[in-house]
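> Protein chains in written order, with our numbering: chain A, 1 to 100; chain B, 1001 to 1475.
Fair warning: there could be bad hints in the mix.
Capping the alpha-carbon separation at 20 Å, the derived lysine to aspartate or glutamate pairs in DMTMM-like fashion look like this [claimed, not checked]:
id : chain 1 : residue 1 : chain 2 : residue 2
1  : B       : Lys-1442  : B       : Glu-1314
2  : B       : Lys-1426  : B       : Asp-1352
3  : A       : Lys-87    : B       : Glu-1345
4  : B       : Lys-1430  : B       : Glu-1359
5  : B       : Lys-1430  : B       : Asp-1352
6  : B       : Lys-1430  : B       : Glu-1342
7  : A       : Lys-87    : B       : Glu-1346
8  : A       : Lys-87    : B       : Asp-1145
9  : B       : Lys-1442  : B       : Glu-1359
10 : A       : Lys-87    : B       : Glu-1344
11 : B       : Lys-1426  : B       : Glu-1359
Pairwise CB distance ranges (calculated) [to be verified]:
id : chain 1 : residue 1 : chain 2 : residue 2 : range
12 : B       : Gly-1016  : A       : Val-4     : 54 to 62 Å
13 : A       : Arg-25    : B       : Glu-1345  : 25 to 33 Å
14 : B       : Trp-1031  : A       : Gln-59    : 38 to 46 Å
15 : B       : Glu-1061  : A       : Thr-30    : 25 to 33 Å
16 : B       : Arg-1032  : A       : Ile-29    : 29 to 37 Å
17 : B       : Phe-1458  : A       : Val-4     : 55 to 63 Å
18 : A       : Ser-88    : B       : Thr-1461  : 50 to 58 Å
19 : B       : Met-1425  : A       : Ser-88    : 43 to 51 Å
20 : A       : Val-4     : B       : Glu-1061  : 24 to 32 Å
21 : B       : Phe-1195  : A       : Ile-29    : 29 to 37 Å
22 : B       : Phe-1195  : A       : Val-60    : 23 to 31 Å
Derived by calculation from the structure, the hints in this document are not laboratory data.
We treat Cβ as the ideally placed atom computed from N, Cα and C, and that holds for glycine.
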Amino acid sequence: MIPVSWYLVVSVLLLACGLVGLAVRRNFITVLMSVELILNAANLNFVAFARQLGDVAGQVFPVFVITIAAAEAAIGLGIIVQLTRLKSTVALDAVQEMRG
Amino acid sequence: MALWLESIVPELILIGVGALLVLGDAFARRWRPAFPWITLAGVLAALGSRWLVPAEGLVWEGVLAVDSLGRFVDSYILAAAALALLMADPFLARTQSRFGEFYGLLLWAAAGAMAMAKANHLLVVFVGLELLSIALYVLNAFLRDNILSLEAGWKYLVVGGFSSGLFLFGAALLYGATGTLYLPALLTAPVTDGFLMPMALALLASALAFKLAVFPFHAWAPDVYQGSPTPVTAFLSVVPKGAALVVLARLIAAASPQVLAPRWTAVLAGLAVGSMVLGNLAALAQRDLKRMLAYSGIAHMGYALVGLVAYGAEGVTGVLVYLAAYTFMNMAAFAAVAAFSESEEEPHLVNDLAGQGWERPVVAFALSLSMFALAGIPPTIGFVGKFLVFRAAVNAHMVWLAVVGVLASLVSVFYYVRVVYYLYMKPLPKRKPAFAEPWPIKLLSAACVVAIVVLGVFPQTLVRLAQEATGLLGR
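Input sequences plus hints: build the corresponding full structure.
Right, dumping it as structure tokens:
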């Protein structure tokens, strides 16, 4: 059996990818994808721990997370559609009306 | 099981009425003028049933703690929802966006916050948090032809998604460290790993700190507050914060004594001091009323955290009273912002208030009173809240924290009083035609004025309720 720490390493790498994506990418869609990466890194942790502990609760949690992440992405895409209608671009920097 | 469906009747009412309104908007358009009143009836029914059903204890396999703490915070959430509703209808009429979805989403957000307030299990915390947040993303971006509103929705969504990710990662590590997802069980579960547990708690606390908008997780707040529709900003500025504070309190009650009590205290004290100092100093520089209130909100969550740092029954009582006080003060302030602004595309400048004090007495008086209350001047409820949290800090031998808090409040007096100065001492510009605000706004202002003064002079009942609520938390 693969030790749980290996899964943790992978999930931390996924988390890092997501964080870097949030920090450096300047595109709406990529930002949404980065958020999804972070959520799925946590899901991987849950499933790995659930297998290690032999407990089903950790497998049920990701099902909820996946559903909620889909809802969140739907709302995000809706906002993006409306923003691109008003601004005709998917570049993040175009939407920077508020400062100070 | 004795306690089954009846223990979640208030949430069921909110979700049901919300669904009814969303469907009603599609199939029964001519009922639209009645929507706000149906919503208000739903909120009041939920509030009534919360107090009628004496559900005290754990329900649903122990995932929900329907206790007096939950009941106190539920009442706070529902009161905030009712006040935001009074503000919402005139606002939506003015911006030509009187859709049923607004009311449905508001009710669902309240239901999510109520689930968080009573959650005894990390999954319930998460689902409640997301129900609250996802409904709020849509509400933030509700003025869909207004770029500021969309930008606010987008920013809150990205920050919210990020903080949900942190929360989940923390929850997963906590699960791995203890093998359970129940909050109280975290206390007794054998800790298998000395490294995972502090990591997990730090991640969970940061995620909740994002929702609280405390330093250094506050950067989103001014933009989101400014861009969102004003009634949504009012709701957003009190409800998620109350729910997140309760989750934090339950988490500390569950985890602190055994694992990292001194470190928790140090970290939370750092957050509190940072928020109080930065919030108040940044608020001094603001010209936009909504941004000023955003920074003031950051500072106020710093004060509330002081109570949480002191902890114990006294500290948490202080936090609960502070939350109630903050609701009434903030609602009065945002009602005035909504009443005084003419266009949602323009900034809500403090300068625009010049001379309005005599033109529109009710709203202006409520705004001035709420400014004094936010500054913590007696005999308002704002003073009671500050007094309780600072006294708790002193009694917990953290005098320095109380001193920082008092100094920060002194700074805050300056920008709060500036608003009152503009209202009453500056001449009215000629160009403005006077128009009367609709009666719901006046009713809201009057209700907040009464609450701020009466609860400020006679705080005993509120304090007693808060004390009862903290009794179950232990320690």
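> Decide, hint by hint, whether the structure agrees.
Outcome of the hint check:
{"no.": "1", "hint": "Lys-1442(B) <-> Glu-1314(B)", "verdict": "violated (36 Å)"}
{"no.": "2", "hint": "Lys-1426(B) <-> Asp-1352(B)", "verdict": "holds (10 Å)"}
{"no.": "3", "hint": "Lys-87(A) <-> Glu-1345(B)", "verdict": "holds (15 Å)"}
{"no.": "4", "hint": "Lys-1430(B) <-> Glu-1359(B)", "verdict": "holds (12 Å)"}
{"no.": "5", "hint": "Lys-1430(B) <-> Asp-1352(B)", "verdict": "holds (12 Å)"}
{"no.": "6", "hint": "Lys-1430(B) <-> Glu-1342(B)", "verdict": "holds (16 Å)"}
{"no.": "7", "hint": "Lys-87(A) <-> Glu-1346(B)", "verdict": "holds (18 Å)"}
{"no.": "8", "hint": "Lys-87(A) <-> Asp-1145(B)", "verdict": "holds (11 Å)"}
{"no.": "9", "hint": "Lys-1442(B) <-> Glu-1359(B)", "verdict": "holds (14 Å)"}
{"no.": "10", "hint": "Lys-87(A) <-> Glu-1344(B)", "verdict": "holds (18 Å)"}
{"no.": "11", "hint": "Lys-1426(B) <-> Glu-1359(B)", "verdict": "holds (12 Å)"}
{"no.": "12", "hint": "Gly-1016(B) <-> Val-4(A): 54 to 62 Å", "verdict": "violated (43 Å)"}
{"no.": "13", "hint": "Arg-25(A) <-> Glu-1345(B): 25 to 33 Å", "verdict": "holds (29 Å)"}
{"no.": "14", "hint": "Trp-1031(B) <-> Gln-59(A): 38 to 46 Å", "verdict": "holds (44 Å)"}
{"no.": "15", "hint": "Glu-1061(B) <-> Thr-30(A): 25 to 33 Å", "verdict": "violated (40 Å)"}
{"no.": "16", "hint": "Arg-1032(B) <-> Ile-29(A): 29 to 37 Å", "verdict": "holds (35 Å)"}
{"no.": "17", "hint": "Phe-1458(B) <-> Val-4(A): 55 to 63 Å", "verdict": "holds (57 Å)"}
{"no.": "18", "hint": "Ser-88(A) <-> Thr-1461(B): 50 to 58 Å", "verdict": "holds (57 Å)"}
{"no.": "19", "hint": "Met-1425(B) <-> Ser-88(A): 43 to 51 Å", "verdict": "holds (46 Å)"}
{"no.": "20", "hint": "Val-4(A) <-> Glu-1061(B): 24 to 32 Å", "verdict": "holds (26 Å)"}
{"no.": "21", "hint": "Phe-1195(B) <-> Ile-29(A): 29 to 37 Å", "verdict": "holds (36 Å)"}
{"no.": "22", "hint": "Phe-1195(B) <-> Val-60(A): 23 to 31 Å", "verdict": "holds (26 Å)"}
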